[in-house]
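Top to bottom, those sequences are chains A and B. This note's numbering puts the first sequence at residues 817 to 1127. This note's numbering puts the second sequence at residues 1047 to 1260.
Rather than coming from a laboratory, the hints here were simulated on the basis of the structure. Check each hint, because a few of them may be wrong.
What the hints assert, rightly or not - The calculated label-pair distances, taken between Cβ atoms and stated as ranges, are:
#: 1; chain 1: A; residue 1: Y855; chain 2: B; residue 2: K1180; range: 31 to 37 Å
#: 2; chain 1: A; residue 1: E857; chain 2: B; residue 2: T1243; range: 33 to 39 Å
#: 3; chain 1: A; residue 1: I936; chain 2: B; residue 2: R1049; range: 52 to 58 Å
#: 4; chain 1: B; residue 1: D1227; chain 2: A; residue 2: L830; range: 56 to 62 Å
Every residue, glycine too, gets a C-beta built ideally from N, C-alpha and C.
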Amino acid sequence: MLTALPTNSFRAMLGVVALLIVVTLILPILSKINHQKDYTELRQRITSWWWMIGMLFVFLSIGKNMAIAFFGFISFLALKEFVSIVPTRQADRNVVFWAYLSIPMQYYWVATGWYGMFIIFIPVYMFLFIPMRMVLKGETAGFIKSAGILHWSVMLTVFSVSHIAYLLVLPVKNALAGGVGLVLFLLFMTQFNDVSQYTWGKLFGKHKIIPKVSPKKTWEGFLGGLFTITLVAVFVAPLLTPLSRLEGFIAGIIISVSGFIGDVVISSVKRDLHIKDSGTLIPGHGGILDRIDSLMYTAPLFFHYVYYLHY
Amino acid sequence: MQRLLKILFFLLVVRPLVLIVLGLNIRNINKLPRKGPAVIAANHNSHLDTIVLMSLFPLSIIHKLRPVAAADYFLSNKWLAWFSLNVIGIIPLNRADHVKREQLFSDCHKALDNGDILILFPEGTRGEPEQYGKPKKGLYYLVEDRPDTLITPIVMHGLGRALPRGEALLVPFNCDVVVGDVLPIADDPEQFVEIVTNTFMQLRQQFITSCESD
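If we strip away everything but chain A, and leave its shape as in the complex, we get (with noise of 0.2 Å):
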């Protein structure tokens, strides 16, 4: 089972565990020093990693179809997660069910590999469906809102995270690492990216971005995270891509920067909604959406930029 994994994608996963165990190692350590402090909420959030790693590793281990069934039902948790904060109508019960029949589909046409239904079932197809189906329902007030609410729910939690289970379907161009090292470094840049981001912040922060919709976010974090994410990459980049150096740093860039504006657009949503955490199924983190808000910025930026460069 794990022997099938490609040599640099099982070291890469061993790094990881390693570096949870070293991070789970230092917490009690923490909280001896500086008792005063309540450190639950990390204590939880490190808990939560090792499920969510957990699970993540287990589903690339055992087959690709399984693991493109398991970013689906991401998808599922997402969307519900999405549909259920913003302010859908009574009415709308009906288009939500074919939005959630869109997850099979859409993981079925990544699962045979179609990469011309998989690119616009969602932008076309769905886009063209959605309103059809609603004018059958027939409820007019509220109706430019909603479906404008519906498709864009979709394209997030559908279209944009599918991106990363095409990864795994693309044709192997480093042996090393196939499919699954691309998931890998897309996933581990990322999250990442968001801890080095809030890390520098944390240290250094000084001067706010964009203090309405996050008063927490500075060009200190930020720029800390971008130099942090490209370094890195260089690095890593050829070991888990086809990517060169020169590419993975490029690649670095647009994963740190398009990871802040998904962290920003999510934030947004939430602030316009009235609430700090999109669910409370990750605890420590919150919902789901605010674990892969990120995430559905960086996984398409990403894809089609190694598409167009090797594929």
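Based on the hints, put chain B in the right spot on chain A.
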């Protein structure tokens, strides 16, 4: 046997349904009563309300949970009656006007004496999806002479969107469940209604999900 049936139903059907198809944003689950006699007072919007409330409790005390439900509806046909009585374990309430109060509540009192946890919907019947009704006074009279029985309020939101009245299609939506502190003891029915109304309103502030009708 009945207890096993109940545990299996909740373990194999309700839990997966509630956790995966619906998904709950639960607030203050530690405020749930751990043993009876106790009463849960919740708002009512969907058929799912009862099983969602029951799923919040550990399986080890699930046989102690007794939803109080309208006899004229839940005992209306043979299958529903069997399921309601044996799998869910409802206490049927005869809503007809001519029944005396003591007689009406006798099964409830028996259950409370037995250390059960009753689940009641003081707003009465399921209203329109995600609308709130005025609480009724019945619950006040039930606990009036029972200082041992405290009432824990719970408000839910979103279940009326997942499965509203009269719809057969269940559409997955996350739902909020907010547990409150036990209600203070009221001096008279009017005050009781006021307390319940205010508490429900306050707990609603913690909702994450939103519907158009909010």
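Please write out, lowest number first, the hints stated earlier that are contradicted by the structure.
1 and 4
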